[in-house]
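Heads up: the sequence lines are chains A and B, in that order. For what it's worth, our numbering labels the leading residue of the first sequence as 512, then goes sequentially. For what it's worth, our numbering labels the leading residue of the second sequence as 78, then goes sequentially.
None of these hints come from the bench; they were simulated from the model. Hints should not be assumed to be uniformly reliable.
[Stated by the list, open to error] One-sided excerpt, in silico: chain A residues whose CB lies under 8 Å from chain B: (1) G518; (2) I576; (3) G584; (4) P600; (5) L621; (6) P639; (7) I654.
[Stated by the list, open to error] Simulated restraints, written as ranges between beta carbons of each label pair: (8) L242(B) with R665(A): 45 to 53 Å; (9) N146(B) with H564(A): 24 to 32 Å; (10) I553(A) with L248(B): 42 to 50 Å; (11) V519(A) with A259(B): 20 to 28 Å; (12) R657(A) with N146(B): 42 to 50 Å; (13) I606(A) with N146(B): 46 to 54 Å; (14) T269(B) with R602(A): 31 to 39 Å.
[What the hints assert, rightly or not] Looking from chain B toward chain A, a few residues come up when the C-beta cut is under 10 Å (computed): (15) M78; (16) V89; (17) T90; (18) I93; (19) F98; (20) S106; (21) F113; (22) F137; (23) I153; (24) F182; (25) S205; (26) G235; (27) A255; (28) L258; (29) A259; (30) L263.
In this text, all values refer to a predicted model and were calculated from it rather than measured experimentally. A virtual CB, placed ideally from N, CA and C, is assigned to each residue, including glycine.
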Amino acid sequence: MAGILIGVVNTVSLTIVKPYSLSSTVVCFFLLILFLVYPGSIETYPLLYSMTHGTSFTILLIAAIMGVGTIIGSFIAAKTTGNFVMRRPVRDQAIRSFVGGMLMSLGLFLAEACNIGNILTKLPLLVPFSIFATCGIAVGAYIGVRFMLWLSRRRVMR
Amino acid sequence: MVILTISIIALVTGIIFGVIFQRSQLDMSLAFNEAFTFKSPKRLMGIIVAVLTATILFSFVIYAGAVRNLNLLIGIGIDPIMVYTAHAPSLTPVIIFVGGIIFGFGMLLAGGGLAGTLFRIGEGYLASILTFLGIGAGVGLMLLLAAIQGAPMERLPGETIPEMLAIDPILIVLVFSALYLALIFLIKKFGTR
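Generate coordinates for the entire structure from the input sequences, incorporating the hints supplied.
In structure tokens:
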């Protein structure tokens, strides 16, 4: 049911604005931090200038707003069902989360989109490259599962 | 005014997705983990259903002209489909496949994909904030390196599969839909305990 709902909402989003994608949420967050810390960088580097002006910036901004909306929507849903709880990670989990995030950023850069962008948007749009990205994500996920199992077995043996 | 309207619609879309993801807990990392570890592919099948639904409906709204007539971005001169078909000049299938592997591995390590990270931030998971910061740090580093090296933001226009093969899109949609249904059938038959 949720799968059908996601497909339908994504289609409405494509029809009126653009399909759902989230990678730009992170890019906009980085550009905002960069602008606050080093405002001159935007004018200094042509790549950053082109990302913060014109069509590119409009697309980035819209996707970033979708990302912020996702957090708000999740917060509303969690709060209204009593599922909102601040959960502090243990040290190992904190390190894995950050390192996992950095690996995801490298993958995002190479595959030109995240899992949502490739699997839920580009694949339904029948973009050829998304097939390779989707297969890669599945293979990487499998390797990740095996790695996590190995990690937990190592912890138990200690 | 149009940009404001687009921004509000984007925010509402994001909120709706946030609610759906939180209520269904449909996260790809969890889906793959359950399917590979516990042979419980329910979540994974939900994702395939989402892709199947979108494949059929996307083609319908594109080729019926709904996107051309109703899309607000097209109204201000931006093609929302070309945004996704365009790619960097140096991109090859191998690079994308390897990028996907790295992303998939990182996703499992972090305990959530990008949507999973964002909706878990909304649930109060502080670990997901660290994941987001990790993604931000990595993206920032690579963008800065590219910017300092003087990399231009060059994008080559791309094609969809029907355009590439010069085949009626309905045929391609039917083939892909059949593939997804076959995948669901195979997973149900062989992928469960």
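Okay, the hints, checked on the actual structure:
no.	hint	in the structure
1	G518	holds (3 Å)
2	I576	holds (4 Å)
3	G584	holds (2 Å)
4	P600	holds (4 Å)
5	L621	holds (3 Å)
6	P639	holds (6 Å)
7	I654	holds (5 Å)
8	L242(B) with R665(A): 45 to 53 Å	holds (48 Å)
9	N146(B) with H564(A): 24 to 32 Å	holds (28 Å)
10	I553(A) with L248(B): 42 to 50 Å	holds (46 Å)
11	V519(A) with A259(B): 20 to 28 Å	holds (23 Å)
12	R657(A) with N146(B): 42 to 50 Å	holds (49 Å)
13	I606(A) with N146(B): 46 to 54 Å	holds (50 Å)
14	T269(B) with R602(A): 31 to 39 Å	holds (36 Å)
15	M78	violated (14 Å)
16	V89	holds (7 Å)
17	T90	holds (5 Å)
18	I93	holds (6 Å)
19	F98	holds (6 Å)
20	S106	holds (7 Å)
21	F113	holds (4 Å)
22	F137	holds (8 Å)
23	I153	holds (8 Å)
24	F182	holds (4 Å)
25	S205	holds (7 Å)
26	G235	holds (7 Å)
27	A255	violated (14 Å)
28	L258	violated (13 Å)
29	A259	violated (15 Å)
30	L263	violated (14 Å)
Consistency note: the structure conflicts with the earlier hints numbered 15, 27, 28, 29, 30.
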